[in-house]
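Asker: Spelled out, the chains give:
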Amino acid sequence: MGWAIAVHGGAGDIPLSLPPEKRLPREAGLRRCLDVGIAALKAHNHPLDVVELVVRELENNPHFNAGKGSVLTTSGTVEMEACIMDGKTMKCGAVSGVSTVVNAISLARLVMDKTPHIYLAFDGAEAFAREQGLETVEMSHFITPENIERLKQAQEADRVQLDYTQPIPKEVPKEAAVADGDSQIGTVGCVAVDSEGSLATATSTGGIVNKMVGRIGDTPIIGAGTYANHLCAISATGRGEAIIRGTIARDVAAVMEFKGLSLKEAAAYVIDQVPRGNAGLIAVSSTGEVTMPFNTTGMFRACATEDGYSEIAIWDSPTK
Amino acid sequence: MGAWAIAVHGGAGVDPNLPKERQEEAKRLLTRCLDIGISALRSNLPAIDVVELVVRELETDPLFNSGRGSALTENGTVEMEASIMDGPKRRCGAVSGLTTVKNPVSLARLVMEKSPHSYLAFSGAEEFAKKQGVEMVDNEYFITEDNVGMLKLAKEANSILFDYRIPAVGTCGAGAAMDSPLQMNGLPISVYAPETVGCVVVDKQGRCAAATSTGGLMNKMSGRIGDSPLIGSGTYASELCGVSCTGEGEAIIRSTLAREVSAVMEYKRLNLHEAVDYVIKNRLDEGKAGLIAVSKDGEVACGFNTTGMFRGCATEDGFMEVGVW
Chain Y
1 MGWAIAVHGG
11 AGDIPLSLPP
21 EKRLPREAGL
31 RRCLDVGIAA
41 LKAHNHPLDV
51 VELVVRELEN
61 NPHFNAGKGS
71 VLTTSGTVEM
81 EACIMDGKTM
91 KCGAVSGVST
101 VVNAISLARL
111 VMDKTPHIYL
121 AFDGAEAFAR
131 EQGLETVEMS
141 HFITPENIER
151 LKQAQEADRV
161 QLDYTQPIPK
171 EVPKEAAVAD
181 GDSQIGTVGC
191 VAVDSEGSLA
201 TATSTGGIVN
211 KMVGRIGDTP
221 IIGAGTYANH
231 LCAISATGRG
241 EAIIRGTIAR
251 DVAAVMEFKG
261 LSLKEAAAYV
271 IDQVPRGNAG
281 LIAVSSTGEV
291 TMPFNTTGMF
301 RACATEDGYS
311 EIAIWDSPTK
Chain B
1001 MGAWAIAVHG
1011 GAGVDPNLPK
1021 ERQEEAKRLL
1031 TRCLDIGISA
1041 LRSNLPAIDV
1051 VELVVRELET
1061 DPLFNSGRGS
1071 ALTENGTVEM
1081 EASIMDGPKR
1091 RCGAVSGLTT
1101 VKNPVSLARL
1111 VMEKSPHSYL
1121 AFSGAEEFAK
1131 KQGVEMVDNE
1141 YFITEDNVGM
1151 LKLAKEANSI
1161 LFDYRIPAVG
1171 TCGAGAAMDS
1181 PLQMNGLPIS
1191 VYAPETVGCV
1201 VVDKQGRCAA
1211 ATSTGGLMNK
1221 MSGRIGDSPL
1231 IGSGTYASEL
1241 CGVSCTGEGE
1251 AIIRSTLARE
1261 VSAVMEYKRL
1271 NLHEAVDYVI
1281 KNRLDEGKAG
1291 LIAVSKDGEV
1301 ACGFNTTGMF
1311 RGCATEDGFM
1321 EVGVW
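Quick mapping for you: the protein sequence lines, in order, are chains Y and B.
Everything in the first sequence is counted per our numbering, starting at 1 for the first residue and increasing by one.
Everything in the second sequence is counted per our numbering, starting at 1001 for the first residue and increasing by one.
To be clear, the hints were calculated from the coordinates, so they are not data collected in a lab.
Check the hints yourself; a few may be wrong.
Stated by the list, open to error - Think about it this way: if two alpha-carbon atoms lie no more than 27 Å apart in a straight line, the pair counts; the simulated BS3-like pairs of lysine-lysine are:
# : chain 1 : residue 1 : chain 2 : residue 2
1 : B       : K1268     : Y       : K264
2 : Y       : K114      : B       : K1268
3 : Y       : K88       : B       : K1281
4 : Y       : K91       : B       : K1089
5 : Y       : K114      : B       : K1152
Said to hold, decoys possible - Chain Y stretches covered by chain B per the calculated footprint, using a threshold of three residues with CB under 8 Å from any CB of chain B:
# : segment
6 : 114-125
7 : 222-234
8 : 237-245
9 : 273-283
Ideal Cβ positions, reconstructed from N, Cα and C, are used throughout, including at glycine.
Whole structure, please, built from the sequences with the hints as guidance.
Answerer: In structure tokens form, the structure reads like this:
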């Protein structure tokens, strides 16, 4: 037993040749966020507060695809989504289509705590944010030069694809066509358990590059990208459409419960069911275990447990 | 080669005092929709086409809470959502925040088949609808007098209201509504009737499909999304089964109800009826909901822990049943 925490900054086709100027800031970001989470757990904060805090940090970091640094829609705009869930009470909150709220995860928390609903989106979510007095800014605050470049490349790749193929099949990741392979930066998330076994999860994202305006991914869908119950807490990342149809986050808990698998076994099993190159997840169990499997080239991730273990990684062995 | 089966629903949670004529009206609609689905199945239409066809019919009829006849937001407007899922490859499509699309379930189908995504919402969904050339109408088309009256009552009671089909008589209003001891989502049953619609089908080839459509909660905040468009919560289909849920949206989401039926069949090896029973008994905690389901082997089942659920089901061997309680 004991507390445990894991954070991720996205799973995808992260090239092994990722240059230091792209790798180092993200590793540093993960390290910092992990430390923030560890300190909060040591100070006996509730896991729900811990995951929100950590994800806020990740959202504020422009090197990850959430909050500032979110990837852009096909119109060059930002539409963020986030989701938070409490394993003990099973209460949850989600938002989509958020364009001016500095911390979407905090808005999701407010939906959970302050409304009779679970999920608010677009104009309704924005109006609620203002009612609640959350910090809002101009959308330009979230847009970084790297993401403007990513969008340009994705749109050019689209044109190339359309030259000799028919409608883009869903299975072909559009981002794979991008030259430097750096656009698969997924999502951010954090899962935590305290020494009493209380679990929580939080996920936040800008979505996928060049997505259609109004596209919702797996992140805000309970059971797909985010889920927690009395057994475990999960945050998934990767190709949204595959995570939705695979109800990834829910399945880890279901497999633990119904097949009696351990957290590690259940998580590996579920990731295995997803077509290669499409998903990764972080998970903690009520007994303080942690696992971070992925079937993509890499996943920006970090974790720590009360007994002193900690790890920060991008590639390495696919199932841990 | 297996046998086909079909089930439809028009919402879980019915006022025990619902006037007889209303019950009969609902049963007639459910029967009509079942017949449409049965004809389609007999002509060998695949499951995915049948569920879309049947839900379109339910959306077009103003009786239940979907398409025309949808519950109203706090602003007096209609925001519809729907989802559809095809069991064999678990392809899915969903939409939310629709205000001018005549048949939300068909737009969800187009998202599944003609877009690179699984879920589109609000203005992005409406844009996509325009590009696809689907039938679009003014928001007023979906608004019925009954629901305008209901919204007023809901605001008086200042609480979230599920669709309430009993017309207000004189000055009864919310006061009379508080008499009944039965509750759903914190409200007396007489002012509660969610009436989301759905259809599940398994065709002769053993392919399952499911679709759900709704206007959501009466007096909901604009932008509120419920369980109906969420894959795994309101709708789910796999190689094993097709499921559509209705009831307290938040409870259905927390329990990922639709996915649960399939998971329990897959991991606990329960058959369809056992799975439906298990899930309704054990997964809803304090929540009130119902669901319909079919299995690849031609079975059909429904379960609910509410007082009543508008439903109908039929199987190839001639069995047919439409019920409220």
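Asker: For each hint, tell me whether it holds in the structure or not.
Answerer: Consistency of the hints with the structure:
1. Simply put, K1268/B and K264/Y have alpha-carbon atoms about 20 Å apart, close enough for the 27 Å limit, and the pair holds.
2. Note on K114/Y and K1268/B: the hinted pairing is violated, with a Cα-Cα distance of about 37 Å set against a maximum of 27 Å.
3. For the hint pairing K88/Y with K1281/B, the CA-to-CA distance comes to about 19 Å; that is within 27 Å, so the pair holds.
4. Taking the CA atoms of K91/Y and K1089/B, the gap is about 31 Å. The hint is violated against a cut of 27 Å.
5. Restraint check: the Cα-Cα separation between K114/Y and K1152/B comes to about 23 Å, which is no more than 27 Å; the hinted pair holds.
6. Given as covered by chain B, the segment 114-125 of chain Y passes the check, having 11 residues with a CB less than 8 Å from a CB of that chain where 3 are the minimum.
7. Against chain B, the segment 222-234 of chain Y contributes 4 residues with a C-beta closer than 8 Å to a partner C-beta. That satisfies the three-residue criterion, and the hint holds.
8. Under the rule that three or more residues need a Cβ within less than 8 Å of chain B, the assignment of the segment 237-245 of chain Y holds, with 4 such residues.
9. Counting residues of the segment 273-283 of chain Y whose beta carbon lies closer than 8 Å to any beta carbon of chain B gives 0, which falls short of the minimum of three for the stated coverage.
Comparing the model with each numbered hint stated earlier shows that hints 2, 4, 9 do not hold.
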